[in-house]
Amino acid sequence: LKNLLDIYLAMTAAILYLLAAFSTGLDAILPGKRLGRSALLLAVAGLATHTVGLVARGILAKGVPLTDLFEYTLFLSWAIALAYLAVFRKRVTHAVTIAILAVLFLMLGSSLLYYTDPAGGTMPALRSYWLYIHVSLAALGETFFAIAFVSSLVYLIRSATGRREGLPALDDLTYRAISIGFPLFTAGALVAGAIWAKQAWGAYWSWDPKEVMSLVVWLVYAVYLHARLVRDLRGRFAAAIAVAGFVLTLFTIFSTLVFGGLHAYG
Amino acid sequence: VRCEPVQILRKILGFVTSTRLAVVVMGLVAVLSMAGAVIPQGRGLDFYAGAYGQPWASAAYRLGLTHVFGANYYTALLVLLCLMVFACALKGLAPRMRAARAARVVPHDEGLRAMPRSAVIEVAVDAREAHMHVADILKRRFYLVRSGTAEGDLTAVGSKMGFARYGTLVLHLSFIFLLAGGVALTRLGHHDYRQAAVGKTFALQVGPEKTVDVAVENFDIEFDEGGNVSDYICDVALKDGDQVLVRRTVRPNHPLKYRGREIYLNSFAQDESTLDGVVLAVADSTGALVVERLGLADGERAYVDEMQATVTANLAGVPRVDLAFDDGRLESHVVRGHPTPTSDGPSGYRFILLRPVYALVVTLEVVREPGQWLLIVGFILLTVGVFSALYLSPRVVWARVRPAPDGRAVVLLAGRAARNREGFAAEFEAIRRALEELA
Numbered sequence: 084l085k086n087l088l089d090i091y092l093a094m095t096a097a098i099l100y101l102l103a104a105f106s107t108g109l110d111a112i113l114p115g116k117r118l119g120r121s122a123l124l125l126a127v128a129g130l131a132t133h134t135v136g137l138v139a140r141g142i143l144a145k146g147v148p149l150t151d152l153f154e155y156t157l158f159l160s161w162a163i164a165l166a167y168l169a170v171f172r173k174r175v176t177h178a179v180t181i182a183i184l185a186v187l188f189l190m191l192g193s194s195l196l197y198y199t200d201p202a203g204g205t206m207p208a209l210r211s212y213w214l215y216i217h218v219s220l221a222a223l224g225e226t227f228f229a230i231a232f233v234s235s236l237v238y239l240i241r242s243a244t245g246r247r248e249g250l251p252a253l254d255d256l257t258y259r260a261i262s263i264g265f266p267l268f269t270a271g272a273l274v275a276g277a278i279w280a281k282q283a284w285g286a287y288w289s290w291d292p293k294e295v296m297s298l299v300v301w302l303v304y305a306v307y308l309h310a311r312l313v314r315d316l317r318g319r320f321a322a323a324i325a326v327a328g329f330v331l332t333l334f335t336i337f338s339t340l341v342f343g344g345l346h347a348y349g
Numbered sequence: 012v013r014c015e016p017v018q019i020l021r022k023i024l025g026f027v028t029s030t031r032l033a034v035v036v037m038g039l040v041a042v043l044s045m046a047g048a049v050i051p052q053g054r055g056l057d058f059y060a061g062a063y064g065q066p067w068a069s070a071a072y073r074l075g076l077t078h079v080f081g082a083n084y085y086t087a088l089l090v091l092l093c094l095m096v097f098a099c100a101l102k103g104l105a106p107r108m109r110a111a112r113a114a115r116v117v118p119h120d121e122g123l124r125a126m127p128r129s130a131v132i133e134v135a136v137d138a139r140e141a142h143m144h145v146a147d148i149l150k151r152r153f154y155l156v157r158s159g160t161a162e163g164d165l166t167a168v169g170s171k172m173g174f175a176r177y178g179t180l181v182l183h184l185s186f187i188f189l190l191a192g193g194v195a196l197t198r199l200g201h202h203d204y205r206q207a208a209v210g211k212t213f214a215l216q217v218g219p220e221k222t223v224d225v226a227v228e229n230f231d232i233e234f235d236e237g238g239n240v241s242d243y244i245c246d247v248a249l250k251d252g253d254q255v256l257v258r259r260t261v262r263p264n265h266p267l268k269y270r271g272r273e274i275y276l277n278s279f280a281q282d283e284s285t286l287d288g289v290v291l292a293v294a295d296s297t298g299a300l301v302v303e304r305l306g307l308a309d310g311e312r313a314y315v316d317e318m319q320a321t322v323t324a325n326l327a328g329v330p331r332v333d334l335a336f337d338d339g340r341l342e343s344h345v346v347r348g349h350p351t352p353t354s355d356g357p358s359g360y361r362f363i364l365l366r367p368v369y370a371l372v373v374t375l376e377v378v379r380e381p382g383q384w385l386l387i388v389g390f391i392l393l394t395v396g397v398f399s400a401l402y403l404s405p406r407v408v409w410a411r412v413r414p415a416p417d418g419r420a421v422v423l424l425a426g427r428a429a430r431n432r433e434g435f436a437a438e439f440e441a442i443r444r445a446l447e448e449l450a
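First to last, the protein sequences are chains R and P.
When the letters of the first sequence are read in order and numbered with our numbering, they come out as residues 84 to 349.
When the letters of the second sequence are read in order and numbered with our numbering, they come out as residues 12 to 450.
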């Protein structure tokens, strides 16, 4: 049990997030029944369990849990949950909340598929302080891309179904989330990644699939911000770019499962 | 219609710096990069034919999708992007400088009232004192204040984060540095992989007529409690004849740097042509294991020699191996085929070969990359540019202070911010309230 504590806690958190999503949905259907409060409590309980799970993983792995795909997913989903509850909770609608909680459930649930034994040790190339800078900043950037994805997705669904109320607020939320995530992603994934790559592999850039996909993700969000700041681009096209950006982000994260490369460990 | 060269240049500049073209080029780079990430690069046509079928393989090969990152069209797109960025930086420079100059001049009353934030405040002190208070309030809020006079009024201009006006310019410049650095490293950089066993040396050129010897003095693999490789380290010395120039332990993330060259520990492997030792198990005459594992390196072989042992392989897949020793040197003879019965030595001990240990060779990567500073400058500019373009907002506050008939003073206050206008509105209100307290 002790050796699997991390995955048990992660799955418990996933279930709590799912229950919070259901509770939020019921609150939207049956307002005034104090279900919103239950949903919030469930989400907070989920985050608390998630936090303990992350710490347990760190203790079992004897290091900061950022070294493989399972640990990265655990950290990224934790950061999304934290960003949602700490920063965006009061700004978002029921639909956005449900979507965020569903994303958390799916991320944690899917992490079962690539669970790794924490006793596996950390490979020598990853024993560097750059690991914490590169991976944590990239993950934090992707956290805000996830928030932007959810708000854009809700924007597109509402826009397609003709429900136009709250669209400017969703558009604004997308822009704010991307404008927070983009500098973090730039500094973490690209700049810190290139500097660490030079230190570990002798080259700043190796056209590795994950490197290239990170550049593609950066370009997509750069296009979004360029169009927004220069042309004040809003609406469906902007939302579609934000959705595409996060789909590519997910593809980048999981590309190592398919393409391997220098980032094959995670 | 007669077109002036200046007009033509302006049209070209307008086209090259258009948002639409930027989006198209960035989109194309993104799509091609994705293709390069998804399709394994630089393999032979046979590989692609096997993976995707002949027609798709031929198409991908002809379109250059099998070597995207070295293809001319990809380089051309990057160069075009670089030119566009350069043109955009040039185009944006003059208006930004004009805006910076214009911000230093206090507008007339109408101009002040037309600003996004403006207020007229009567204060209960004379104009000179009111002017001093305005400057003081702005300075306390980290504004850079310029005081002066204009049309008989005392004036003050407070500016904060004026450099953020150049944020996007810095961002554009960063791309130029990064691309230039990338080109420099690609064209002038050199990566060389050298294999060497412990105790061996190889020559490394460190100048036009200067060569040093790189000696691999030691190599060691460290394991954690779980038996996983936790680190591998290699002691490397650079020597000029007998003189040691530098000696350092090279390990992952810790290269050796010497006169523009970097030496990385790339990997290690077993050299199966050189037997370095054996791992044995020792059984007594009854067949019971006395020692489960006995690692024998060079110096310990004499012990085995004394026992006149015959070592028999018992691992699946490893054929019977008879080891004999001659003057302390290990002579190995590998017998392919069925294992023969084990013969006991005179002591009654039997040695069973668990596995042979081969000599390790390390692969050192010798890197020379002139022009790295371009990339470092590019990284700094990129980070600063992104943060300043998105977060820092140049703010300007203008004030005209003029005497009122009753010995009091009137302050015309106005201001604007390029971004975060809500934040600026709150700050402007705070400045206004601070001035009103004088009343």
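To be clear, the hints were calculated from the coordinates, so they are not data collected in a lab.
Just so it is clear, the structure is predicted and the values come from calculations on it, not from any experiment.
A few of these clues could be false.
[Claimed, not checked] Listed next, with one range per pair, are the computed distances between beta-carbon atoms:
(1) R/G192 to P/V255: 52 to 60 Å
(2) R/R172 to P/R139: 28 to 36 Å
(3) R/S211 to P/A214: 28 to 36 Å
(4) R/A243 to P/G237: 46 to 54 Å
(5) R/V127 to P/A208: 34 to 42 Å
[Stated by the list, open to error] Heads up, simulated SDA-like pairs for lysine to any residue below, C-alpha to C-alpha not over 25 Å straight-line:
(6) P/K250 to P/Q206
(7) P/K102 to R/L316
(8) P/K22 to R/R314
(9) R/K145 to P/G237
(10) P/K250 to P/A226
(11) P/K211 to P/K150
(12) P/K102 to P/Q206
(13) R/K173 to R/A286
(14) P/K268 to R/I278
(15) P/K268 to R/R210
(16) P/K268 to P/Y204
(17) P/K102 to R/A208
(18) P/K268 to R/S289
(19) R/K145 to P/G238
(20) P/K22 to R/K116
(21) R/K116 to R/T205
(22) R/K173 to R/I278
(23) R/K173 to P/E433
(24) P/K102 to R/A310
(25) P/K268 to P/I232
(26) P/K268 to P/D242
(27) P/K268 to R/A286
(28) P/K102 to P/K211
(29) P/K268 to P/D224
(30) P/K268 to P/L256
(31) P/K268 to R/T176
(32) R/K145 to P/L256
(33) P/K268 to R/L316
(34) P/K102 to R/A305
(35) R/K145 to P/V240
(36) R/K145 to P/Y243
(37) P/K22 to R/L214
(38) P/K102 to R/L308
(39) P/K250 to P/L371
(40) R/K145 to P/I232
The C-beta atom is built at its ideal place from N, Cα and C for all residues, glycine as well.
Okay, the hints, checked on the actual structure:
| no. | hint | result |
| --- | --- | --- |
| 1 | R/G192 to P/V255: 52 to 60 Å | 58 Å, holds |
| 2 | R/R172 to P/R139: 28 to 36 Å | 52 Å, violated |
| 3 | R/S211 to P/A214: 28 to 36 Å | 30 Å, holds |
| 4 | R/A243 to P/G237: 46 to 54 Å | 52 Å, holds |
| 5 | R/V127 to P/A208: 34 to 42 Å | 59 Å, violated |
| 6 | P/K250 to P/Q206 | 18 Å, holds |
| 7 | P/K102 to R/L316 | 22 Å, holds |
| 8 | P/K22 to R/R314 | 19 Å, holds |
| 9 | R/K145 to P/G237 | 12 Å, holds |
| 10 | P/K250 to P/A226 | 7 Å, holds |
| 11 | P/K211 to P/K150 | 67 Å, violated |
| 12 | P/K102 to P/Q206 | 52 Å, violated |
| 13 | R/K173 to R/A286 | 44 Å, violated |
| 14 | P/K268 to R/I278 | 15 Å, holds |
| 15 | P/K268 to R/R210 | 19 Å, holds |
| 16 | P/K268 to P/Y204 | 16 Å, holds |
| 17 | P/K102 to R/A208 | 44 Å, violated |
| 18 | P/K268 to R/S289 | 20 Å, holds |
| 19 | R/K145 to P/G238 | 15 Å, holds |
| 20 | P/K22 to R/K116 | 63 Å, violated |
| 21 | R/K116 to R/T205 | 49 Å, violated |
| 22 | R/K173 to R/I278 | 38 Å, violated |
| 23 | R/K173 to P/E433 | 19 Å, holds |
| 24 | P/K102 to R/A310 | 18 Å, holds |
| 25 | P/K268 to P/I232 | 22 Å, holds |
| 26 | P/K268 to P/D242 | 20 Å, holds |
| 27 | P/K268 to R/A286 | 14 Å, holds |
| 28 | P/K102 to P/K211 | 58 Å, violated |
| 29 | P/K268 to P/D224 | 14 Å, holds |
| 30 | P/K268 to P/L256 | 12 Å, holds |
| 31 | P/K268 to R/T176 | 55 Å, violated |
| 32 | R/K145 to P/L256 | 38 Å, violated |
| 33 | P/K268 to R/L316 | 48 Å, violated |
| 34 | P/K102 to R/A305 | 20 Å, holds |
| 35 | R/K145 to P/V240 | 15 Å, holds |
| 36 | R/K145 to P/Y243 | 19 Å, holds |
| 37 | P/K22 to R/L214 | 47 Å, violated |
| 38 | P/K102 to R/L308 | 19 Å, holds |
| 39 | P/K250 to P/L371 | 22 Å, holds |
| 40 | R/K145 to P/I232 | 20 Å, holds |
Hints 2, 5, 11, 12, 13, 17, 20, 21, 22, 28, 31, 32, 33, 37, counting from the list given before, are not met by this structure.
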